[in-house]
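Undergrad: Taken in sequence, the protein lines are chains A and B.
Under the numbering used here, the first sequence has 183 at position 183, and the numbering climbs by one with no breaks.
Under the numbering used here, the second sequence has 52 at position 52, and the numbering climbs by one with no breaks.
These are calculated hints, taken from the structure and not from any lab test.
Be aware that one or more of the hints could be misleading.
You can't tell identical chains apart in this list, so a pair holds if it fits in one copy or across any two.
In the DSBU-like style, the derived pairs of lysine-lysine whose C-alpha atoms are separated by at most 30 angstroms in a straight line are [unchecked claim]:
hint, residue 1, residue 2
1, Lys213, Lys322
2, Lys322, Lys13
3, Lys23, Lys124
4, Lys320, Lys265
5, Lys23, Lys230
Each chain is listed here by its residues.
2 protein chains.
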Amino acid sequence: MAPTKQLVLEAIKAVDSGRIASKFNAISRIGSTESGLNRLAYSESNKEALDLVTSWMREADLEVGIDPICNVFGTTRGAGKGKSVLTGSHIDSVIDGGRFDGTIGVVAGLECMRVISELGLRTKSQIELVVFAGEESSRFAFGTIGSKAIVGDLRIEQLYRLKDHDGLVLADVVRRFGGDPDRIADCRRKASEIGSMIELHIEQGPVLERIGKSIGVVNDIVSIDRLVLKIQGETIHSGGGLASMRRDALAGAAEVVLFVERMNKRYPNIRATAGNIQASPGTLNAVPGSATVGLDLRVLGDRRKYLAFLRLGVRRICQKRKLTFEFANVFHQDAQRMSRRIIGVISKIAREMKLDPYRISSFGGHDSLVIAKVAPVGMIFVPSIRGISHNWNESTDMKHVRLGTQLLLASLLDLAGLS
Amino acid sequence: MAPTKQLVLEAIKAVDSGRIASKFNAISRIGSTESGLNRLAYSESNKEALDLVTSWMREADLEVGIDPICNVFGTTRGAGKGKSVLTGSHIDSVIDGGRFDGTIGVVAGLECMRVISELGLRTKSQIELVVFAGEESSRFAFGTIGSKAIVGDLRIEQLYRLKDHDGLVLADVVRRFGGDPDRIADCRRKASEIGSMIELHIEQGPVLERIGKSIGVVNDIVSIDRLVLKIQGETIHSGGGLASMRRDALAGAAEVVLFVERMNKRYPNIRATAGNIQASPGTLNAVPGSATVGLDLRVLGDRRKYLAFLRLGVRRICQKRKLTFEFANVFHQDAQRMSRRIIGVISKIAREMKLDPYRISSFGGHDSLVIAKVAPVGMIFVPSIRGISHNWNESTDMKHVRLGTQLLLASLLDLAGLS
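Chain A on its own, in the form it takes in the complex (with noise of 0.2 angstroms):
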């Protein structure tokens, strides 16, 4: 065997599922809940968890940077001084969230590095363990903000106008983490830096669970677009109006939250959500006169013929009702396919590990998505459990973590190149 591979099998052997998870227990103790874990991007937990991380960055004897984003890098010593390469996610969450979604490919991926600092790895290319800043968008309904900073996409108004629910400003916010907004602009340095990129996330699925497979490569990620439906129809006192007076708007937004259902059900090629309701003036006392749903499409193919779809179906129902109705594009992100070189360097070691890797699409979005605008991006997905993400039941059994990231340790050498 050539001295290359047996190294490389050297260091999978050393990935030590003990130490990831008693690494990831300590991480998920903040910001747990009852109800969920609560570390809301730039929030005092995420800060605390975050602190945590540069520790165990700094004990693996990384070099440790912050941008004016508050995206951590930590990086391998010693290595030539080309492009790097980047694994890493985020350890931001929603509301109420599991415990898996983000972290696990920051545990997973400061693992490679404590091996490739014990065996003393030296790489052609440094090799970056990157924790992306506010993947989320649940505190400022903006999320990847991170990444986005890093390929340019975020721009200084924006952090100035973005609020959360307590009307705090996200450029503020960002200040008082230790960021500074008014030099984002320096964030695109990374940009040019970046060789390539590998994510390990949890699937956020059901697929690879049931159809028995620990490792799945991610080959694209979906579309999404969210949208904000509003719909007009009059306001009556509830014990006024006989049924066929009403003009209910509830009733109509009712109707499209079940037209959504069907078109999640009908087309296995995307996922539609209604996960968002209000009815106004919201009384018991009066019919509602309007209402607003919060759609989220997410498509894996063409995003236009859904959305046209779904407008349609949307018509059909105030026409019939006598309702009327404005869409609202609120946030919209292109498909993006992983990059094929990425995908085949990914597979090929994951065929030679025997873990039959398993082709797969993401319906979730990364910040491996937005990364990929300006570098090769690749993405290893472990099973979730049931599926369930962004809940607190969210899981994945350690033995597939371990084999995820031996393989990313593995992917991470192959494309940095032992020297």
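Chain A is already provided as a structure; the job is to place chain B on it using the hints.
TA: Coordinates of chain B only, in the frame set by chain A:
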């Protein structure tokens, strides 16, 4: 013609629709906004409108009194000292309500009192115009506060427990309005002084307009139940779960909203409304794990039958979707028949006036329903244009208001007895 009949005819002729309209317009300006009338119970604008009515009572030479919960009474002078004949309604409104609901009954009553004063009519029983405090439940999720105090259905503890959206305690609010919450037991004195009562109100429904009648004589007021349904499913990632795996609480709630709508269409003797809804967590990147629906059920007849039907429908929907649910009955008011005697008096006079009165059921609750606990009560309805109520477009033609006022005046004089 008997002198009494002659006097009543003269009184009817003296009803001045110009004067009614001008008073109505003056009071309608108070609390008017672009989106509707805003005179919430015990608010500044409610106070301003009440002060205006009180000044009009004095102009009409009435003896003005206010009780500890801030019901205001204007009493004719020089009558016999028996039990009073009451008329009146309320001038507080829902949020973004209409100008006629409640207010028109007070303005019509005031016109009756002015005619009685100006013509120097002496009655055996005194007649009182009452402005009931806090009829609408919009501010404290608790209505008919003033009338409940009169009949002894309001406890001091409730005044100290009920809070508005800003957290203001009802007792404090009443005190600031000029009342004395600790003395509400004294409001009950009034109950023993009420001989009978007639309330004029807009229909808040479309029936009279549809059949082309000016006058409805209310037969009964329906029961009202308000229920809060909480549905529990499972929160998962919007991109995660396949359609078949989802236990989407909002989709279940939507099906309940449409079931309630079908109930409303199917049974003409009920009004069923889903007036409020929430989804949790309410973010677009998660399938809602729980949802809450606020329901209002008004029944003419056997309320238990329809409540059971509703619960059964919800159970079926939730079982099919593997959701759990719980109902909370947050409000209940029994149906109330109006006094046969008073219906008889109003109907006889209406027929004499060639008004072709129509016996009607009220799907709205009223102070009359509460007062009926202690005295015989009747109600006169005038049409609502298109049945709209609790909405800025609420309206009633002044010609109907004039006829209603004339009928009210003649009926009050009949009940009080000309001396």
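Undergrad: Each hint needs a verdict: does it hold in this structure or not?
TA: Outcome of the hint check:
no. : hint              : in the structure
1   : Lys213 <-> Lys322 : between (50 angstroms within a copy, 28 angstroms between copies)
2   : Lys322 <-> Lys13  : neither (66 angstroms within a copy, 44 angstroms between copies)
3   : Lys23 <-> Lys124  : within (28 angstroms within a copy, 89 angstroms between copies)
4   : Lys320 <-> Lys265 : both (23 angstroms within a copy, 15 angstroms between copies)
5   : Lys23 <-> Lys230  : neither (45 angstroms within a copy, 38 angstroms between copies)
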